[in-house]
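Heads up: the sequence lines are chains B and W, in that order. Just so we're aligned: the first sequence equals residues 1 to 293 in this note's numbering. Just so we're aligned: the second sequence equals residues 1 to 309 in this note's numbering.
Don't read these hints as lab results, they were simulated from the structure. Computed from a prediction, not measured in an experiment: that's the story for all the values here. We put the beta carbon where it would ideally sit given N, CA and C, even for glycine. Just so you know, not all the hints are guaranteed correct.
To be verified - Each pair of labels, with its calculated beta carbon distance range:
no. : chain 1 : residue 1 : chain 2 : residue 2 : range
1   : W       : S165      : B       : D196      : 54 to 62 Å
2   : B       : S69       : W       : G169      : 39 to 47 Å
3   : W       : L6        : B       : M111      : 31 to 39 Å
4   : B       : I271      : W       : Y158      : 19 to 27 Å
5   : W       : E216      : B       : P68       : 46 to 54 Å
6   : W       : R71       : B       : I126      : 23 to 31 Å
7   : B       : T125      : W       : I292      : 22 to 30 Å
What follows is the residue order along each chain.
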Amino acid sequence: MASTLAPQRGAGVGVDTRGQILRRVLRNRKAVAGAILLAIIVLAAIFADYIAVHDPYTQNLRNRLQPPSGEHWLGTDQFGRDMFSRIVHGARISLRVGFISIGIALLAGGMMGLLAGYYGGWLETIFMRLVDIMLALPGFLLALAIVSTLGPSLTNVMVAVGIAYTPGFARVMRSAVLSVRQLDYVTAAQAAGASDLRIMVRHVVPNALNPLIVHATLALAGSILSAAGLSFLGMGAQPPTPEWGSMLNSARSFIRAAHHVVTYPGLAIMITVLCLNLLGDGLRDALDPRWNR
Amino acid sequence: MAQFVLKRFLMLVPVVLGVSVIVFGLLYLTPGDPALLMLGEHAPQEQYLALREKLGLDLPVHIQYFRWLGRAVQLDLGDSIRSSRPVIEEIASRLPGTAELAFLAVLLATLIGIPAGVISATRPNSWLDNIFTVLALGGVSMPVFWQGLMLIIIFSVYLGWLPPSGRLGSWEYFVLPVITLGTSAAASITRMTRATMLEAIHEDYVRTARAKGLNERRVIYRHALRNALLPVVTVIGLEFGNLMAGAVITETIFAWPGIGRLAVDAIRTRDYPVVQGVVMTFAVSYVLINLIVDLLYAYLDPRLRVRYH
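Go ahead and model the full structure; you've got the sequences and the hints to work with.
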């Protein structure tokens, strides 16, 4: 029975070879579906200039708020700009914002968690109390508070969301490090006289990667939602940037006349976040022995 | 138990103090003169000097912090720059609006999430489970602001059944904001309940209960669900955090008189004392709610109480 093995959970980390892990991921339908969808969105973002034939900034005031048609697949917005082009170009912005903010959080939080978990002592106390304090404010509100002082801009949104997601990564990294630090091969490496840096880089971090990858995928979904939310409140991307949240914000007053200006940018956010959540769920099922059944 | 409660309560003090440093520091991290930021470039000289004097900007930063903190613990958060009213009054008049919205949203989310999760877990991979799983995944992936606008389009613009915004007392005004705010919480609770129930159903004590010949209903609700609910309680507590964030957006869309919209308006008009006050209020309520959740957890799980004695 699987549950009787539960106490050794942490010890099971790192037993599987890379090939086995990859096979488990590929067998998971959610992970594969999420990865394929994400690949399509990433490709659309990269080749936006070729896919979207209209310029996302060109206004045509005689052609305002047109419903979807053969010429404009998703209609036009309040300035007569092609919605499809704006949404495809928006994928670039949202993905970039998501990846950069999670990159910041991963670096800062991962470092904090690694040092806290590996060295323990006062360093751990300081870092983890700091994490507790940051977690006392819900992430989105922390990000909102930070952007409100830095001023509204897309760069500041990336910094703010990155800071807001840092404590989560610190916690995940620390607990992953704690579960491998006591293992025999780490003790053996220490006994063999390996430096702390070498042990961390060669032995601890690779074995903490699985939970970190799962967390990063789900956090990416959350950060894209948060960033779009901040832009929706007018704290992020500013018009005329084709950012999904800011498009929704400026189109709000036109929902009575033409609901498509609100429907499609939101749908784009939802599909992107959905495929990241699918991928994250699937990776968790495949990588985290706790969720295997 | 009293000792446990006291211990947990005292652990909050450093956290709240830490948050107060962040909240206070936010204003001073910005490049430039806070008084100038608040009043704008074209404010008259005497007004500017008066605000500098009032905020104590000529004093060393740590003295300023302790002065601010000393007043804050006496619930004096300064005056709003825009309305000149005390910040605490502004917050007190708006807090009930947010509280009722958040309470109803959590209630809705729990009433939907727990049964949906139990049904999913007891019939894994059935069509009902698949529907709930897909809906829950959609629920956690949907942007709150988009959902709110879509509900307005469908129920106010097209069907004309419900008012698109405002809060004039009757129940119709509550429907759309509560659904908007509660959806993602309902989805999270469904997902968590399903996962923990699936785990619980495979435990030995459930097999024992079945072997004793108890009927399936009793096995599920008395034995499995009771144990599965523990992590769900934690999720409900954490969802309050998302709800506060959601309230900021929901209140903005539905023109709801709560502290979320107060925060957004204050940020837009650079009314920093109000921003600081609202952020502090959010943090303190979140920390208190999670304290209650922890205590509830200890009440539900006697093993935790024992550990602290």
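For each hint, the structure was consulted:
no., hint, in the structure
1, S165(W) - D196(B): 54 to 62 Å, "58 Å, holds"
2, S69(B) - G169(W): 39 to 47 Å, "44 Å, holds"
3, L6(W) - M111(B): 31 to 39 Å, "35 Å, holds"
4, I271(B) - Y158(W): 19 to 27 Å, "23 Å, holds"
5, E216(W) - P68(B): 46 to 54 Å, "51 Å, holds"
6, R71(W) - I126(B): 23 to 31 Å, "28 Å, holds"
7, T125(B) - I292(W): 22 to 30 Å, "26 Å, holds"
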